[in-house]
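Student: Protein sequence lines, in the order shown, are assigned to chains E and C. Numbered continuously in the numbering used here, the first sequence closes out at residue 249. Numbered continuously in the numbering used here, the second sequence closes out at residue 624.
Hints listed in this document are in silico derivations from the structure and should not be mistaken for laboratory results. Computed from a predicted structure; not experimentally measured. There may be inaccurate statements among the hints.
[Said to hold, decoys possible] For lysine-lysine, the following DSS-like pairs were computed, each having C-alpha atoms within a straight-line distance of at most 30 Å:
id: 1; chain 1: C; residue 1: LYS446; chain 2: E; residue 2: LYS85
id: 2; chain 1: C; residue 1: LYS368; chain 2: C; residue 2: LYS415
id: 3; chain 1: E; residue 1: LYS127; chain 2: C; residue 2: LYS32
id: 4; chain 1: C; residue 1: LYS623; chain 2: C; residue 2: LYS507
id: 5; chain 1: C; residue 1: LYS507; chain 2: C; residue 2: LYS597
id: 6; chain 1: C; residue 1: LYS22; chain 2: E; residue 2: LYS96
id: 7; chain 1: C; residue 1: LYS563; chain 2: E; residue 2: LYS69
id: 8; chain 1: C; residue 1: LYS271; chain 2: E; residue 2: LYS233
id: 9; chain 1: C; residue 1: LYS563; chain 2: C; residue 2: LYS583
id: 10; chain 1: C; residue 1: LYS323; chain 2: E; residue 2: LYS206
id: 11; chain 1: E; residue 1: LYS123; chain 2: C; residue 2: LYS507
id: 12; chain 1: E; residue 1: LYS96; chain 2: C; residue 2: LYS507
id: 13; chain 1: C; residue 1: LYS555; chain 2: E; residue 2: LYS123
id: 14; chain 1: C; residue 1: LYS171; chain 2: C; residue 2: LYS271
id: 15; chain 1: E; residue 1: LYS127; chain 2: C; residue 2: LYS555
id: 16; chain 1: E; residue 1: LYS131; chain 2: C; residue 2: LYS67
id: 17; chain 1: E; residue 1: LYS85; chain 2: C; residue 2: LYS507
id: 18; chain 1: E; residue 1: LYS69; chain 2: C; residue 2: LYS98
id: 19; chain 1: C; residue 1: LYS171; chain 2: E; residue 2: LYS127
id: 20; chain 1: C; residue 1: LYS624; chain 2: E; residue 2: LYS96
id: 21; chain 1: E; residue 1: LYS85; chain 2: C; residue 2: LYS187
id: 22; chain 1: C; residue 1: LYS32; chain 2: C; residue 2: LYS187
id: 23; chain 1: C; residue 1: LYS128; chain 2: E; residue 2: LYS69
id: 24; chain 1: C; residue 1: LYS323; chain 2: C; residue 2: LYS187
id: 25; chain 1: E; residue 1: LYS127; chain 2: C; residue 2: LYS507
id: 26; chain 1: C; residue 1: LYS323; chain 2: C; residue 2: LYS360
id: 27; chain 1: C; residue 1: LYS583; chain 2: C; residue 2: LYS597
id: 28; chain 1: C; residue 1: LYS186; chain 2: C; residue 2: LYS446
id: 29; chain 1: E; residue 1: LYS232; chain 2: C; residue 2: LYS446
id: 30; chain 1: E; residue 1: LYS69; chain 2: C; residue 2: LYS330
id: 31; chain 1: E; residue 1: LYS210; chain 2: E; residue 2: LYS233
id: 32; chain 1: C; residue 1: LYS623; chain 2: E; residue 2: LYS225
id: 33; chain 1: C; residue 1: LYS9; chain 2: C; residue 2: LYS187
id: 34; chain 1: C; residue 1: LYS323; chain 2: E; residue 2: LYS131
[What the hints assert, rightly or not] One side of the interface only, derived from the structure: several residues of chain E facing chain C at Cβ under 7 Å:
id: 35; residue: VAL62
id: 36; residue: ALA63
id: 37; residue: GLY66
id: 38; residue: ARG67
id: 39; residue: LYS69
id: 40; residue: LEU75
Note that CB positions come from ideal geometry on N, CA and C, so glycine has one too.
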Amino acid sequence: MVTLTIDGREVQAEEGTTILEAARESNIYIPTLCYHEEVTPYGACRLCLVEVARNGREKLVASCLYEVAEGLRVKTNSERIASNRKMIMELLLARCPNNKAIQDLARQLGVEKTSFKLEDKQCILCALCVRVCQEVVGVSAISLVNRGVDRQMATPFYEPSDVCIGCGACAYVCPTGAIGFEDVGDTRYIHWPNNKMEFKLRKCKTCGNYWAPEKQLDYIIKKANLSPDAFDNCPDCRD
Amino acid sequence: MAKRETKRLSSPQELEALRKSIIEKRDHNKPCITICGGTGCLALAAQDVITGFRREIQEQGLETKVDIRITGCPGFCERGPLVVIKPENILYQQVKGEDVPEIVSATVKGNIVDRLLYTDPNTGKKITYEHEVPFYRKQKRLLLGDNSNIDPTEIRDYLALGGYAALSKVLFEMSPEQIIEEVKKSGLRGRGGGGFPTGVKWETCRQAQGDTRYIICNCDEGDPGAFMDRSLMEGNPHSVLEGMIIGAYAIGGHEGYIYVRNEYPLAVKNAQIAIEQTEEHGLLGKNILGSGFDFTVRISRGGGAFVCGESTALMASLEGKVGEPRAKYVHTVEKGLWEQPTNLNNVETWANVPLIIKNGADWYSKVGTEGSKGTKIFSLVGKINNTGLVEVPMGISLREIIYDIGGGIPGGKKFKAVQTGGPSGGCIPESLLDLPVDFDQLTKVGSMMGSGGMIVMDENSCMVDIAKYFIGFLEGESCGKCVPCREGLKRMGQILTDITEGRGKEGDIELLERLSAAITDSSLCALGSTASNPVLTTIRYFRDEYEAHIRDKRCPAGVCKELITYLIDEEKCPGCGLCVKACPVEAITFMGKKKPVVLDQEKCIKCGICYDVCKLDAVIKK
Numbered sequence: 011m012v013t014l015t016i017d018g019r020e021v022q023a024e025e026g027t028t029i030l031e032a033a034r035e036s037n038i039y040i041p042t043l044c045y046h047e048e049v050t051p052y053g054a055c056r057l058c059l060v061e062v063a064r065n066g067r068e069k070l071v072a073s074c075l076y077e078v079a080e081g082l083r084v085k086t087n088s089e090r091i092a093s094n095r096k097m098i099m100e101l102l103l104a105r106c107p108n109n110k111a112i113q114d115l116a117r118q119l120g121v122e123k124t125s126f127k128l129e130d131k132q133c134i135l136c137a138l139c140v141r142v143c144q145e146v147v148g149v150s151a152i153s154l155v156n157r158g159v160d161r162q163m164a165t166p167f168y169e170p171s172d173v174c175i176g177c178g179a180c181a182y183v184c185p186t187g188a189i190g191f192e193d194v195g196d197t198r199y200i201h202w203p204n205n206k207m208e209f210k211l212r213k214c215k216t217c218g219n220y221w222a223p224e225k226q227l228d229y230i231i232k233k234a235n236l237s238p239d240a241f242d243n244c245p246d247c248r249d
Numbered sequence: 003m004a005k006r007e008t009k010r011l012s013s014p015q016e017l018e019a020l021r022k023s024i025i026e027k028r029d030h031n032k033p034c035i036t037i038c039g040g041t042g043c044l045a046l047a048a049q050d051v052i053t054g055f056r057r058e059i060q061e062q063g064l065e066t067k068v069d070i071r072i073t074g075c076p077g078f079c080e081r082g083p084l085v086v087i088k089p090e091n092i093l094y095q096q097v098k099g100e101d102v103p104e105i106v107s108a109t110v111k112g113n114i115v116d117r118l119l120y121t122d123p124n125t126g127k128k129i130t131y132e133h134e135v136p137f138y139r140k141q142k143r144l145l146l147g148d149n150s151n152i153d154p155t156e157i158r159d160y161l162a163l164g165g166y167a168a169l170s171k172v173l174f175e176m177s178p179e180q181i182i183e184e185v186k187k188s189g190l191r192g193r194g195g196g197g198f199p200t201g202v203k204w205e206t207c208r209q210a211q212g213d214t215r216y217i218i219c220n221c222d223e224g225d226p227g228a229f230m231d232r233s234l235m236e237g238n239p240h241s242v243l244e245g246m247i248i249g250a251y252a253i254g255g256h257e258g259y260i261y262v263r264n265e266y267p268l269a270v271k272n273a274q275i276a277i278e279q280t281e282e283h284g285l286l287g288k289n290i291l292g293s294g295f296d297f298t299v300r301i302s303r304g305g306g307a308f309v310c311g312e313s314t315a316l317m318a319s320l321e322g323k324v325g326e327p328r329a330k331y332v333h334t335v336e337k338g339l340w341e342q343p344t345n346l347n348n349v350e351t352w353a354n355v356p357l358i359i360k361n362g363a364d365w366y367s368k369v370g371t372e373g374s375k376g377t378k379i380f381s382l383v384g385k386i387n388n389t390g391l392v393e394v395p396m397g398i399s400l401r402e403i404i405y406d407i408g409g410g411i412p413g414g415k416k417f418k419a420v421q422t423g424g425p426s427g428g429c430i431p432e433s434l435l436d437l438p439v440d441f442d443q444l445t446k447v448g449s450m451m452g453s454g455g456m457i458v459m460d461e462n463s464c465m466v467d468i469a470k471y472f473i474g475f476l477e478g479e480s481c482g483k484c485v486p487c488r489e490g491l492k493r494m495g496q497i498l499t500d501i502t503e504g505r506g507k508e509g510d511i512e513l514l515e516r517l518s519a520a521i522t523d524s525s526l527c528a529l530g531s532t533a534s535n536p537v538l539t540t541i542r543y544f545r546d547e548y549e550a551h552i553r554d555k556r557c558p559a560g561v562c563k564e565l566i567t568y569l570i571d572e573e574k575c576p577g578c579g580l581c582v583k584a585c586p587v588e589a590i591t592f593m594g595k596k597k598p599v600v601l602d603q604e605k606c607i608k609c610g611i612c613y614d615v616c617k618l619d620a621v622i623k624k
């Protein structure tokens, strides 16, 4: 365990954890958009910037990536941090002016309007969907394509993915709701910002309800080495 | 190249014996015609000259009387193709295929071809010898000097000049700690841009915990107009390799990579040949020179993304992943390539190492300033008379580089600014021309050393347009991972475009400053954190130009198309019709002889061709 100071408070944290994790443990709020405890930190949204003092110098670091250290002094809110966060929110608000999550966070950080020309996007390219698909689901059906301002989240060549199992984890972790997800009758629809896919749902042998994508169930059976009939019934109708 | 039997050298004595035999076999009074085979001269048809010399020597049966050597770039690209006759160093410039017979017969007879000599524009006098040409006089060519003395595909040339003696010295006479101490003492700082003390980096990497340590040479030079590393790698790859092997021994690494962009085919080829030759000679691979030390080097070709010059992005690319940077809170010397301690240095940094070992840290640190030792190579481009590659001692003034070496601004135009440090460097105005060039001074004025790009601008350059150009470049090269760089540079580009197209608003300058501050402070890597420099320095030194664009909708330099108008001066126009023929959109009408032409503003696309073709200044740009 190491002891560090966050906003004047002494905090204990395990070695190897990040400032963000230590702060959350101690109920100290740091805004984030691209962080999720289940995937590798990425450091892209830059909202979690905090100031750390080391060797007499104060520098701005991404708290989701910076590891705690004995005696580290951290500020999670200073004028410098606030002005950087505000500019980042102005940039995100210009990109996604009609997105509720972005509007709310902007307001919370003191940004009412943006100085820049408005676009109309929903995706902020935080790559949470991509990381969850790769690290948690393990299929890498989606990725970030192109570079710089042309960057997009998509399946390879914008074509329907052979490996996507339709689990919807990408939609679940998306912080802005940019990925649409809907089950209608026997079909699941996933709408990504740049392409969409449909998945056939399996019918429960007992109640007859459509309950999960065939591909997802086959994937789990294969991966966990289950019996082929393991998912004949929906969770409600299982013994 | 004839295949020779090569024996693996297994001791320093064998290396010295080989060196002696190479030198003894050479007739040092025999004239040698050296022809630049660097990319710049090749683009100017140097291949015709090379082929011409080979044929001429063969046809006249002069093989025993004259040698030919195809060398790397000596730097004076403006005057290429370059031919230098050794040992006297007679410089022939702008040589063409048809000049070859004359040069050959003059060389055999010991004569000089006057018409191909360089003429000093200041005195009008012809200059015979390379070192007397003003372009070379103030340079200190510790690294580039040998480019014109060796054939880069021929290890024997490098050995003849004392090559690999520094490697032999470290392997048998120095401990790794002593080498690191020597490099620290020399004051060498990283030439890739950051200026981090090389010896300290090596020491940290040596002390880092890991299963293995990797050594990387960064040859991913991507700045527009820069070709320092390219020319070193093309012209003297062995100096870079020798530096890498010494570094590997000091750090305790056994695997190395040269990451070189694929757009540098000659650099890739020459580096590959150099690796093969050093391996054949036992200077690379297992048990180097019989010392028991093993080190291999492989080439990895980069796809050309500018951001892959950033060390963490480069390592991601080397691993076969997308070339995106990561945060460097844990330094790459501790966890770099494949999570192992990795020491990355730039081409020029590596090439300095053998010099330091051979001549000692005290010798090396005599050159340069307090905080920046040695020389620095710059590629001097833009509105400058002598475009080329220059190597100067740290601490020389910008004025000396631009006027004494660069020969000043073409066409008698006025100097306006010089941008140092690549696209994310800053623009330095005339009032700071006496600034001594070193790492710290350049940073102080808002620019940086970068890897050594130097772009000169004259009075006809619009500084807002320049800022727009560089931001456009960086926007295109941003990897897009973090918000401030991706979204911020896009917005910066939009604001600058608006200003140059007459849509600038009050408050734009302040918004640019606020945006710059956030991009600098919050971006993930150095691409983002330095990207605002061109904007911030042009606002700092040329604010009046921004204000003229925004308030008066005027481009003082007459560059921004939307803000300029071309008019016909009716008093001066004799109706010659030259502009009428030249206009690509038929916007100018011929009204009869001796009557001024008429320009239709509705049709005019402001291309400026009429302005350029008019010999009587009858077209006015407003």
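Student: Does each hint fit the structure? Answer for all of them.
Tutor: Now for the hints, and whether the structure bears them out:
1. C:LYS446 <-> E:LYS85: Cα-Cα ~28 Å, so holds.
2. C:LYS368 <-> C:LYS415: Not satisfied, since the Cα-Cα distance of roughly 37 Å exceeds 30 Å.
3. E:LYS127 <-> C:LYS32: Distance of about 70 Å is beyond 30 Å: violated.
4. C:LYS623 <-> C:LYS507: Holds: LYS623 of chain C and LYS507 of chain C sit about 24 Å apart, inside 30 Å.
5. C:LYS507 <-> C:LYS597: Violated - the C-alpha atoms of LYS597 of chain C and LYS507 of chain C are around 42 Å apart, more than 30 Å.
6. C:LYS22 <-> E:LYS96: violated (69 Å)
7. C:LYS563 <-> E:LYS69: With Cα atoms ~43 Å apart, LYS563 of chain C and LYS69 of chain E exceed 30 Å; violated.
8. C:LYS271 <-> E:LYS233: Violated, because 47 Å separates the two Cα atoms, which is more than 30 Å.
9. C:LYS563 <-> C:LYS583: Holds. LYS563 of chain C to LYS583 of chain C sits at ~21 Å (cutoff 30 Å).
10. C:LYS323 <-> E:LYS206: holds (26 Å)
11. E:LYS123 <-> C:LYS507: Answer holds: LYS123 of chain E to LYS507 of chain C is near 18 Å, not above 30 Å.
12. E:LYS96 <-> C:LYS507: Distance ~22 Å between LYS96 of chain E and LYS507 of chain C Cα, so the pair holds.
13. C:LYS555 <-> E:LYS123: holds (27 Å)
14. C:LYS171 <-> C:LYS271: Satisfied, since the Cα-Cα distance of roughly 28 Å is no more than 30 Å.
15. E:LYS127 <-> C:LYS555: holds (21 Å)
16. E:LYS131 <-> C:LYS67: Distance ~73 Å between LYS131 of chain E and LYS67 of chain C Cα, so the pair is violated.
17. E:LYS85 <-> C:LYS507: violated (36 Å)
18. E:LYS69 <-> C:LYS98: Violated, at roughly 57 Å.
19. C:LYS171 <-> E:LYS127: Not OK: LYS171 of chain C and LYS127 of chain E at ~63 Å, beyond 30 Å, violated.
20. C:LYS624 <-> E:LYS96: At roughly 41 Å apart (the allowed maximum being 30 Å), LYS96 of chain E and LYS624 of chain C break the hint.
21. E:LYS85 <-> C:LYS187: violated (38 Å)
22. C:LYS32 <-> C:LYS187: With Cα atoms ~41 Å apart, LYS32 of chain C and LYS187 of chain C exceed 30 Å; violated.
23. C:LYS128 <-> E:LYS69: Given pair LYS128 of chain C, LYS69 of chain E is violated - Cα atoms ~57 Å apart, limit 30 Å.
24. C:LYS323 <-> C:LYS187: Given that 30 Å is the threshold and the Cα spacing comes to 37 Å, the pair is violated.
25. E:LYS127 <-> C:LYS507: Holds, because 13 Å separates the two Cα atoms, which is no more than 30 Å.
26. C:LYS323 <-> C:LYS360: The given pair, whose Cα atoms are some 39 Å apart, is violated under the 30 Å limit.
27. C:LYS583 <-> C:LYS597: holds (16 Å)
28. C:LYS186 <-> C:LYS446: Between LYS186 of chain C and LYS446 of chain C the Cα gap is close to 24 Å, so the pair holds against 30 Å.
29. E:LYS232 <-> C:LYS446: violated (62 Å)
30. E:LYS69 <-> C:LYS330: holds (13 Å)
31. E:LYS210 <-> E:LYS233: Judged against 30 Å, a Cα distance of about 20 Å means the pair holds.
32. C:LYS623 <-> E:LYS225: Given pair LYS623 of chain C, LYS225 of chain E is violated - Cα atoms ~68 Å apart, limit 30 Å.
33. C:LYS9 <-> C:LYS187: It is violated: about 36 Å lies between the C-alpha atoms, which goes past 30 Å.
34. C:LYS323 <-> E:LYS131: Satisfied, since the Cα-Cα distance of roughly 28 Å is no more than 30 Å.
35. VAL62: violated (10 Å)
36. ALA63: violated (14 Å)
37. GLY66: With Cβ-Cβ at 18 Å, over 7 Å, it is violated.
38. ARG67: ARG67 of chain E check fails; min Cβ-Cβ to chain C is 14 Å, beyond 7 Å.
39. LYS69: violated (9 Å)
40. LEU75: For LEU75 of chain E, the interface hint holds, since the closest Cβ of chain C sits about 5 Å away, which is under 7 Å.
Checked against the numbered hints listed earlier, the structure breaks hints 2, 3, 5, 6, 7, 8, 16, 17, 18, 19, 20, 21, 22, 23, 24, 26, 29, 32, 33, 35, 36, 37, 38, 39; every other hint is satisfied.
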